[in-house]
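**Q** Required output: the full structure, derived from the provided sequences and hints.
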Amino acid sequence: MTTSAPGSTPPSANDAAFSEQTAASQPATRGRSGLGLAAVIVAAVALSPAVLLVLISLIPGMNAVLWLLIVVLPVVGLLGLVALILGIIALVKARPGVSKTLPIVGTALGAFAVLAPVSLVFGWWA
Numbered sequence: 111m112t113t114s115a116p117g118s119t120p121p122s123a124n125d126a127a128f129s130e131q132t133a134a135s136q137p138a139t140r141g142r143s144g145l146g147l148a149a150v151i152v153a154a155v156a157l158s159p160a161v162l163l164v165l166i167s168l169i170p171g172m173n174a175v176l177w178l179l180i181v182v183l184p185v186v187g188l189l190g191l192v193a194l195i196l197g198i199i200a201l202v203k204a205r206p207g208v209s210k211t212l213p214i215v216g217t218a219l220g221a222f223a224v225l226a227p228v229s230l231v232f233g234w235w236a
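Its first residue numbered 111, the sequence shown is counted upward by one per residue in this note's numbering.
Check each hint, because a few of them may be wrong.
[As the list claims (entries may be wrong)] Taking CB as the label site, the calculated pair distances span:
| # | residue 1 | residue 2 | range |
| --- | --- | --- | --- |
| 1 | LEU176 | PRO206 | 42 to 48 Å |
| 2 | LEU147 | PHE232 | 43 to 49 Å |
| 3 | ARG142 | PRO184 | 18 to 24 Å |
| 4 | LEU225 | TRP177 | 18 to 24 Å |
| 5 | PHE232 | VAL202 | 26 to 32 Å |
| 6 | MET172 | LYS203 | 40 to 46 Å |
| 7 | GLY144 | PRO184 | 43 to 49 Å |
| 8 | GLY207 | VAL175 | 42 to 48 Å |
| 9 | VAL175 | PRO206 | 43 to 49 Å |
| 10 | ARG205 | GLY233 | 41 to 47 Å |
| 11 | LEU225 | ILE180 | 14 to 20 Å |
| 12 | ILE169 | PRO206 | 46 to 52 Å |
| 13 | ILE169 | LYS210 | 37 to 43 Å |
Everything labelled a hint here was simulated from the structure, so no lab data went into it. For glycine and all other residues, C-beta sits at the position ideal for the given N, C-alpha and C.
**A** Dropping the structure here:
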């Protein structure tokens with residue numbers, strides 16, 4: 111038997127039934143994929159230095175910074191490959207109630223981070 115504080119109303123059986131009913135009737139929230147989120151973060155970290163260098167090179171007189179892409183592109187490719195692998199694993203191991211948006215975005219950004227440096231090196235754009 112539960113005791114209540116002086117001056118308060120004692121709990122009744124209806125209160126317990128009401129709390130169980132509201133807990134069961136609440137809609138289930140959709141989970142998020144941890145690996146998908148990791149893929150998006152790794153791809154964003156991979157692409158941000160290259161994007162910053164290209165944006166800085168658009169400033170008049172700052173074209174000389176593009177030589178830094180020689181250093182940045184291999185890092186972009188390797189981190190993009192990691193993001194691509196994480197995104198594919200997240201898509202394959204997705205649970206039924208989990209949204210697949212983050213793994214898809216992580217896989218797409220990872221693929222772009224891999225293909226962009228490779229296409230610049232091997233001249234697929236020409």
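**Q** Does the Cβ pair ILE169, LYS210 satisfy 37 to 43 Å?
**A** 39 Å, holds
**Q** Evaluate the given range 18 to 24 Å for the C-beta pair formed by ARG142 and PRO184.
**A** 31 Å, violated
**Q** Starting from the hint 42 to 48 Å, judge whether the C-beta atoms of LEU176 and PRO206 obey it.
**A** Taking Cβ atoms as reference, LEU176 and PRO206 lie about 47 Å apart, which means the hint holds.
**Q** Taking 46 to 52 Å as the hint, is the beta-carbon distance of ILE169 and PRO206 inside that range?
**A** Since the Cβ atoms of ILE169 and PRO206 sit about 49 Å apart, the hinted range of 46 to 52 Å holds.
**Q** Just to be sure I understand the hint, the distance between the Cβ atoms of VAL175 and PRO206 should be within 43 to 49 Å; is that true here?
**A** 48 Å Cβ-Cβ, so the 43 to 49 Å window holds.
**Q** If you check the beta carbons of PHE232 and VAL202, does the distance land in 26 to 32 Å?
**A** At roughly 29 Å between Cβ atoms, VAL202 and PHE232 fall inside 26 to 32 Å, so the hint holds.
**Q** Between MET172 and LYS203, does the C-beta distance stay in 40 to 46 Å?
**A** 44 Å, holds
**Q** Does the Cβ-Cβ separation between GLY144 and PRO184 fall within 43 to 49 Å?
**A** 27 Å, violated
**Q** Is it true that the C-beta distance of LEU225 to ILE180 lies inside 14 to 20 Å, as the hint says?
**A** 18 Å Cβ-Cβ, so the 14 to 20 Å window holds.
**Q** For GLY207 and VAL175, compare the CB-CB distance with the range 42 to 48 Å and indicate the outcome.
**A** Holds, since GLY207 and VAL175 (Cβ atoms, about 47 Å apart) stay within the stated range.
**Q** Indicate whether the distance between the beta carbons of ARG205 and GLY233 respects the range 41 to 47 Å.
**A** 42 Å, holds
**Q** Lying within 43 to 49 Å: is that true of the beta-carbon distance LEU147 to PHE232?
**A** 31 Å, violated
Hint compliance for this structure: hints 2, 3 and 7 are not met, and every other hint is.
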